[in-house]
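Number of protein chains: 2
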Amino acid sequence: MKKIPYKIYLEESELPKQWYNVRADMKNKPAPILNPQTLKPITFEELRPVFCDELVKQELDDTTPYFDIPQEIIDFYKMYRPSPLVRAYCLEKALDTPAKIYYKFEGNNTSGSHKLNSAIAQAYYAKQQGLKGVTTETGAGQWGTALSMACAYFGLDCQVYMVKCSYEQKPFRREVMRTYGASVTPSPSDTTEVGRKILKEFPGTSGSLGCAISEAVEAATTQEGYRYVLGSVLSQVLLHQTVIGLEAKAAFEKYDEKPDIIIGCAGGGSNLGGLISPFMGEKLRGEKDYQFIAVEPASCPSFTRGKFAYDYCDTGMVCPLAKMYTLGSGFIPSANHAGGLRYHGMSSILSQLYHDNLMDAVAVEQTSVFEAAEKFARIEGILPAPESSHAIKVAIDEAIKCKETGEEKTILFGLTGTGYFDMVAYEKFNNGEMSDYVPTDADLEKGFAGLPKVDLS
Amino acid sequence: MKKIPYKIYLEESELPKQWYNVRADMKNKPAPILNPQTLKPITFEELRPVFCDELVKQELDDTTPYFDIPQEIIDFYKMYRPSPLVRAYCLEKALDTPAKIYYKFEGNNTSGSHKLNSAIAQAYYAKQQGLKGVTTETGAGQWGTALSMACAYFGLDCQVYMVKCSYEQKPFRREVMRTYGASVTPSPSDTTEVGRKILKEFPGTSGSLGCAISEAVEAATTQEGYRYVLGSVLSQVLLHQTVIGLEAKAAFEKYDEKPDIIIGCAGGGSNLGGLISPFMGEKLRGEKDYQFIAVEPASCPSFTRGKFAYDYCDTGMVCPLAKMYTLGSGFIPSANHAGGLRYHGMSSILSQLYHDNLMDAVAVEQTSVFEAAEKFARIEGILPAPESSHAIKVAIDEAIKCKETGEEKTILFGLTGTGYFDMVAYEKFNNGEMSDYVPTDADLEKGFAGLPKVDLS
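In order, the protein sequence lines correspond to chains L and B.
The numbering of the first sequence is our numbering, which starts it at 260 and goes up by one.
The numbering of the second sequence is our numbering, which starts it at 260 and goes up by one.
Incorrect hints may have been included.
Pairs involving identical chains hold if they fit within one copy or between any two copies, as the list cannot separate such chains.
Here are the simulated lysine-lysine pairs, PhoX-like style, with alpha carbons at most 25 Å apart [what the hints assert, rightly or not]:
(1) K266 / K276
(2) K705 / K429
(3) K566 / K423
(4) K668 / K337
(5) K276 / K429
(6) K542 / K705
The hints are simulated quantities; they were obtained by calculation from the structure and are not laboratory data.
Every value quoted in this text rests on a predicted model; they were computed, and no experiment measured them.
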């Protein structure tokens, strides 16, 4: 058997040429997304004013198994992909485990995460459609950064509505976006009607993601030649992110290896869905078996304590509704530092798969996540993003279980990004000032009370 | 001819197994370093209390051409090396140049720069010698971060004296170091005699690199089992950094290519020396020819306007003296944001090579450097460190010259690191608030006036 290197890099020529649409192999398809006004399944025509045509097609298509990746996107991918599949030899040794641990590392690009995989696709289709630009919202700024880079590459205008408190308190990501030519507006702003309304009602508000989404959607639909784009949750985003899993699978096959357990952090689901889709396809087709584990923060436990129901994807209730595991669009997650996982809902694809017992989910607490992050940083040399560290925590737990049982399992987890812009959270941890928070059942009931009543009969 | 991919990765098995000591091939050797007390060539025994034994040997050896890289260091290198040699196809296209542009990218590791290559070597030798730990100083924090990572790997104590104003104004790098287990002390501090003395004389001072060096050296020499380590300038550091040039050369040879021009930014010289050494060796031995260009900031022009003379390596005058291009150890560079290039002197190896007309040097102004950085970020997708961007600026200039003359030159430059922790500087640039500064001749004369009188006869 070939000796497995620390980092497995595919050749450029081995980059995936198609994205994989896992819905095509699902017996129980995700429920259709609904028009927020009519609460009926939304149509192509109804979605066109908001999203690019080609992306609407991808969003609504649950039967085509593969979509060709346009050459222009492949060329962009070549600047930072294939990303390495890393064998965590040092971590295995430190844990003294018989398990083999691998991680697919998506942090080695300037956006610092996997978000760039979908940003470049969405920018490409906007460019192809002859649009002038796109609008979006961003909280901590990872998605906004990725989109700025993608738009700079294609010469598209990029308008980012950034939650005001992040705009002021996290100026570094804001400046990365500006360096890539994006215009970044603190939200709520006086550039949109909804923004002005909110500012009048709540002068001095520091904003919210829900408000920023509403402003971005208004900006897209009221400017000629603009569309709105989103970085997670949607099925089109999961589709683009399958480049992660396809590469990982190809890298394993090169060495005649196969993971037994696949672990990913889950916020909206884009990284987890992208990582597991090709493997899940094999499981759905009865070809191979895998255990999948979604890891979410205990402070925002959509899978483990949420309800499987139709809900709004945004707090502003302007986006389509999806059937998903949700805490209710009115649920306000606590100030958990893993910003990318503070989302009330979950991809409808992953929700259906979880509902059908095709994957597992666990919720973990923040301080244990940072303990795992620090250990990983010191042993494997990479400072992980707090989001990614949720997966690290559970991968370590599983490897320790293997030590106890003597099983030589092969574990794969997704290392979605780096933590360079999360040092305020690390500082809290270093100072012993970090705490955990788990919502009570009563907290959750408040969120559930706001779930919409949907009747599709 | 094989199609050249965007990124050339060597196999793990092709990692260099020896560092190359360019001094062995130099006809005119660098002048010996001097004991700061006696101003006579310093001996092995005199250096032992400050540096590890093995590193002293490397420092003083100007005849052995190759040093074996210990297996433990190679194993660490495997976590982030071989680093890619990148073909800048997008930049070539954007510049519409017949030149081929390559860069050796050293930024894809958590320290964010090439500094880790020497940090791990210095930590290894300290561990081998049975030491408890090492001390060092850091300004912006790149070197301190790299050393913290290396010490965490070998379980060594790491004490970093960080210039107080950086400690307070740049808390993020400080927190990365703490996450890796280093103790970071704002300098001047009350933990050393020299620190207390300075605090008494200048209460409220925000510190300086010179003061931090003095504290770190005192801490190393007064604690049992500690030594002092340094991240640039020294010949041992250039030796370790030759892993950069050796990998680049091997990658070119894989594709039967050869650079015509090799460009690097120059502060203390560790990156530039490491990149060019193996190519310079061929030039010195008359085997091949290359043009080498050192790029320095116009605000701190050691090569282009300095004197070739013996000088102190630190403003505190506790370290050995070296014969080098220098602006005088009392020269205070302006607040240039390329922190890593704000050094009054230059590696004695590079100084001798420059003195012997074996390489060229140019000085460039800050705003033009940030213009190049922004262009590069948008076109090639990587947000470069301000230091590295000096090399980008000149690489672009050379590529444009090729367009004018029609020459198909092959250009290689060193992309030493990423700019994620330099967003304050980018913000100034984005806001149009950045300015240039070029010292007057009178400014320089003040620095030269402090040069020591050395008589080696």
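Earlier hints that do not hold, by number: Of the numbered hints, 2, 3, 5 and 6 do not hold.
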